[in-house]
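Novice: Listed below are the residues making up each chain.
2 protein chains.
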Amino acid sequence: MELHFINDEIEKMEKRYCVAFINSLSGFKSLNIIGTKAKNGQTNAAIFNSVFHLGADPALMGFIMRPDTVQRDTLLNIEQTNYYTVNHVNSSIYANAHQTSARYPSNISEFDTENLTPIYKNNFWAPFVKESHINIALCLQDIISIPINNTKLVVGEIIEVYVPEGVLLEDGTIDLELSDTIGGSSLNGYHNTQLIKRLPYALPKSN
Amino acid sequence: MELHFINDEIEKMEKRYCVAFINSLSGFKSLNIIGTKAKNGQTNAAIFNSVFHLGADPALMGFIMRPDTVQRDTLLNIEQTNYYTVNHVNSSIYANAHQTSARYPSNISEFDTENLTPIYKNNFWAPFVKESHINIALCLQDIISIPINNTKLVVGEIIEVYVPEGVLLEDGTIDLELSDTIGGSSLNGYHNTQLIKRLPYALPKSN
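Line by line, the protein sequences are chains R and U.
Taking the working numbering, the leading residue of the first sequence gets 50, the next gets one more, and so forth.
Taking the working numbering, the leading residue of the second sequence gets 50, the next gets one more, and so forth.
It cannot be assumed that every hint is accurate.
Claimed, not checked - 30 Å max Cα-Cα, derived DSS-like pairs, lysine-lysine:
(1) R/201 with U/201
(2) R/179 with U/254
(3) U/170 with U/88
(4) U/61 with R/170
(5) R/179 with U/61
(6) U/246 with U/64
(7) R/246 with U/254
(8) U/254 with R/88
(9) U/170 with R/179
(10) R/201 with U/254
(11) R/88 with R/61
(12) U/88 with R/246
(13) R/201 with R/61
(14) R/88 with R/201
(15) U/64 with R/170
(16) U/179 with U/88
(17) U/88 with U/201
(18) R/201 with R/64
Said to hold, decoys possible - Chain R regions said to be covered by chain U (calculated; three or more residues, Cβ under 8 Å):
(19) 51 to 57
(20) 67 to 81
(21) 89 to 95
(22) 104 to 113
(23) 121 to 132
(24) 146 to 159
(25) 174 to 181
Just so you know, the hints here were simulated from the structure itself, not pulled from any lab data.
Glycine included, every Cβ here is placed at the ideal spot set by N, Cα and C.
Using the sequences and the hints given, assemble the complete structure.
Specialist: Right, here's the structure in full:
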């Protein structure tokens, strides 16, 4: 049997039920901690499940900022300083990463509250998460408004990448399972993965 | 040991190596087949790894269109008709789904070449993928330009959802493992998942 929901029914769902349901629909999600530092030196760490690939040349990543979340400090710090880090969530720190979504005051660093270690590399302004195995340094390029629901797409250029030796495959792919990167679902699911297969570049079948 | 790459080194990577590397950096990805139908009735199916949650009220999803891909038919059909479907990739159809990324002419339907079955439900214009277990009907709301690399963010409102009975949890979350939805990595990785844990809504710790 198949369940069928139309938009009127979705709109009438209890609010938290609806949020969990709609958040499930896109499929699996990336899980990253974004690290920032305000001009006054205050650090911030926040989990995001909306970081996505935007292009390889130039090397760009995007993520979505909601207007109403605790992650506002992230956006304020990026706007103020232009720099931020993206750090993969792995199976050792997923609970700490999840807890960064709690509503702490701006003068409290989630690095402190969640026992994550800010680490500075190569004089980059923003802190990386030491416990994360894949660290990326980005420079803000654009903040694009999405008028329909007052969200913002934050676009950054990848300027430095740190990966553990041994996870980089011959063709340039990073083996995310070897780096212990995990995936997310809806608002609260944390998942290990198992490779089914890597497939070659698809060419049209000949008849 | 840690490998460190700066942007100058990334820019000098061999092109396909660079594409695989940069595509790995965001983490795990959703995998969906977008189904469309042109005004003349020609159907199209294309795999996307950039579909993401954009908001629950209104219920919105976004995906990224590159200017230079075979998926252009998808955008043309959406612009022409306003309607499209998002269908989760599962472990039975991942190879078919992958193959939809091959460069077929516009007058050939990937539903035919890849043995995917277009199915029409509730008089919705665009075809769903019958073999997919989670089907979503969307109505175009906005196409937002991302000037830095000439990509586009396509924003759609979720107007109908089909899910198998038994995958919907008490709190509204869809159990993506029960629905056999799989995740992606870089350009070519297909992954099953195993739930580590679902965590409750995060509240600040008291001292």
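Novice: Taking each numbered hint in turn, which are not upheld by the structure, reported in ascending numerical order?
Specialist: 6, 7, 9, 11, 12, 21, 23 and 25
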